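These protein sequence lines are chains A and B, in that order.
The first sequence begins at 1 in my numbering and counts up by one.
The second sequence begins at 1 in my numbering and counts up by one.
Some hints could be false.
Stated by the list, open to error - List time: in silico DSS-like cross-link candidates among lysine-lysine, alpha-carbon distance up to 27 Å:
| id | chain 1 | residue 1 | chain 2 | residue 2 |
| --- | --- | --- | --- | --- |
| 1 | B | LYS128 | A | LYS17 |
| 2 | A | LYS469 | A | LYS258 |
| 3 | A | LYS155 | A | LYS139 |
| 4 | B | LYS228 | A | LYS155 |
It should be emphasised that the hints constitute simulated quantities derived from the structure, not laboratory data.
Note that the structure is predicted; figures quoted are calculated from it, not measured.
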Amino acid sequence: MTSLLSVSNLRVGFGRKPEDNEIVHGVSFDLAAGETLAIVGESGSGKSVTALSINRLVDFGGGRILDGSIQFNRENGTMLDLAAAGEQELTKIRGGEIGMIFQEPMTSLNPVLTIGEQIEESFRLHRGLTGRQAREAAKDALDRVRIPDAARRLKYCPHQLSGGMLQRVMIATALSCNPRLLIADEPTTALDVTVQAQIMALLAELKRETGMGMIFITHDIGLVAGIADKVMVMQNGEAVEQGPLDAVLDAPQHPYTKHLLSAVPHFEAGRATRTDYRRADAPSAAPALKVEGLTVRFPVTGGLLRRQTGAVHAVDGVDFDLMPGETLGIVGESGSGKSTTARAILGLVEPTRGTFSANTNGAARQSGKPVQMVFQNPYASLNPRLRVDSILAEPVIAAGGGLKGETHARMRMLLDRVGLPENALQRYPHEFSGGQRQRLCIARALMLNPSVVVLDEAVSALDVSVQAKVLELLVDLQREFGLAYLFVSHDMAVVERIAHRIAVVYAGQIVEIGDAASVLSDPKHAYTKRLISAVPSVDRRKETFEVDTRQVPSLVRPLGFEPEPANWQSFGPDHMARAEA
Amino acid sequence: MNYLARRLMTFPLVMLGVSVLVFVSIRLVPGDAITAMLGTEAGLLTPDQRAALEAYFGIDQGWFTQYWRWLAGAVQGDLGVSVTFGKPVLDVILERFPLTLELALLSMVIALAIGLPAGIFAATRNEKPSDLAVRIFAMIGQSTPNFVFALLAIYVLSVGFGVLPAMGEFTPFLENPLRNLGQMILPALTLGFAFAAAVTRISRSAMLDILSDDYIRTARAKGVPARKVIWRHALPNALIPVVTLSGVEFGYLLGGAVIVEQIFALPGLGRMVLDAILQRDYALVQGSVLFIALNFMIVNLLVDLAYAMLDPRIRLGGK
């Protein structure tokens, strides 16, 4: 095989004095034509910077290549050192010979130009096509990424398409000029698992069709099994391990690689699920939270007078209960209504119908605020202008309590319990890392001694290794305080490790609920099966996925629409699924 | 279209509110039109004469009756008679308006012609000396009062080059375009300069924001040349705040620019309104404020339509 790309001793720095702020410390790797290299690492590992250095987009982000060479085998057979190439040459190579797709399809397309204009642009720039020819080419490009009804979609603007569709458009654009190398920078991270599976399948298929080389960057080592030939693991700007796929996955040498692999879910036997609580063994105490027929609808208006014409049925008749000391994982994809359920329970959204009651668990919990919440983004959910002591005191003040000695004692106790130093009280949120901030959010949620904590994607924004520690902390706190967790997440791997029971939500309704081990290892509902099979696993090597273009059904219903009552089928002591039509 | 209809429906309501506010506030100012018009001679009027004059100008009734009479006339296009000019208010306003409109348009053209390129240029040279120079220039432009710049311009032209700005009787554009522009160019530059400084600053910061957006990175990854990244991908997105600012400034200029009109002896709306207030010319104040408010609303509507043109998310409705 001929070499396509050869990177040696690449060093990249940022800022005014890039030498003092080096992010990538001497990375080397080779890529043959038609081969796929996966670069795996957490945020800050330098994996994206490495990738952006190859087509030199790193220059626009304030980065500078300090040392090393990037030999690229061009279309005409000559070798070119991209690290030393001029901007004019690079402009021809970008898009023409090296395509790139990014993490956030929602923000990576220009909102004021149509899809068609943005795809055509590549053909105009690199193939010299104009007018009708360019339009035809753009339509073919959309067909190639299996977008149904391509001719009409060309006239759409980005905000009219879903994330999965937009990522296909990105891929279509990147592949429009048949590049020899495709750089995919976390292309599926912002997408739902089932959509992720579709995009991965598409990438694998297009790679086979075109024979291009690919650099696939991801934080999820589970994803690489399906697509990569070689794997490079990065940590703190260095490649700590690299080798052929099977060698790295089956016989990892570096402890960091082993650590990453340990976070990948194995659902087959429900092995990794928690066993510290079982409904059957627990005394039949009163549930900490009981939700019955919860329904949330948002009105849809239309016409000149803005009359209500229908409703979005975000949550439609959800029932469940939650025992003290138990974690219920609510899983589902974006738009399924899982977050709305959580928000309704906290009173942040007015439920249209249904009841929920939280048990304050006797005299010990006097605060009267039995439900508290931890949000997804620890960077946005702490007021940057407040000191940590004020942040922790706020729920107490909001609940009508005064600042007493015991409040301060509780702050110090909770900070200690979530693993932060006591002097944290006098500091501001920006002085903490993402994981530490989420610990602060957890401490804040516990200030009022709640019986139920709602965790809405509480670890989704964190890196795998930080995630693991926060999950451990949550488990410890649950045991210590007898907390009940409502854990809302799209990430099956996380849910597997924290949940005792799992409820699968689809289109505003629970379709399957039961103990975690049964639901994960023996799913009954078709949607649960689809969801679980879409979760990447290191066990399935180079598997070809079916490209599935089904979309989540519209939740907009006409006025007065009522769903049919659920017909539940039971599969064992604590496992039931909605019967399918 | 639906949106446009809804917007137009709010116009009469706003106008009504504005008219009540103006009506009341101008009457809260002490003094009356007859005294203001005749000065000390007003004291020589017999009560009968005064009453006759008040009846002639329609200020003899109670406030409510006055307002009702005025409103009834206004909806038919009759804004009353100006005490100071002795002419229908609408005629007085329409006589002055072309000048004000021309001045506002010229200033905006100058502002956009200077400010937009300067802002874009500065954004692409972020933190380099040329960026700093543009920013200092913009800062000076924004913080220099109009009259300082106006007097400076007159001084430099007359002392340095021996040319005096064409003063004297104002010539409408349609009568003699060259002479008209000769009269307008200095005031337009005076107003346009400060306006341009604001446009520079806002287009620079908008452009800087946009240039770090993901889709700009995508465009570069596609191999779009630097110039096209700016003009085709970044600029349309950066224009929205510029349009907002220009709309507000333009609407403001349509209300007249008192100081600049005074310095360059231009008979514009601004000086007219000021005189009307000093003279307690109720009808003229009411009429012109209403007229200015209507202009402002039209400009705002145009700004919103411009948003829709620039951004398909607004045009087609967001998700």
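Subject >> Index of numbered hints that the structure contradicts, given in increasing order >> reply: Hints that this structure does not satisfy do not exist here, as all of them hold.
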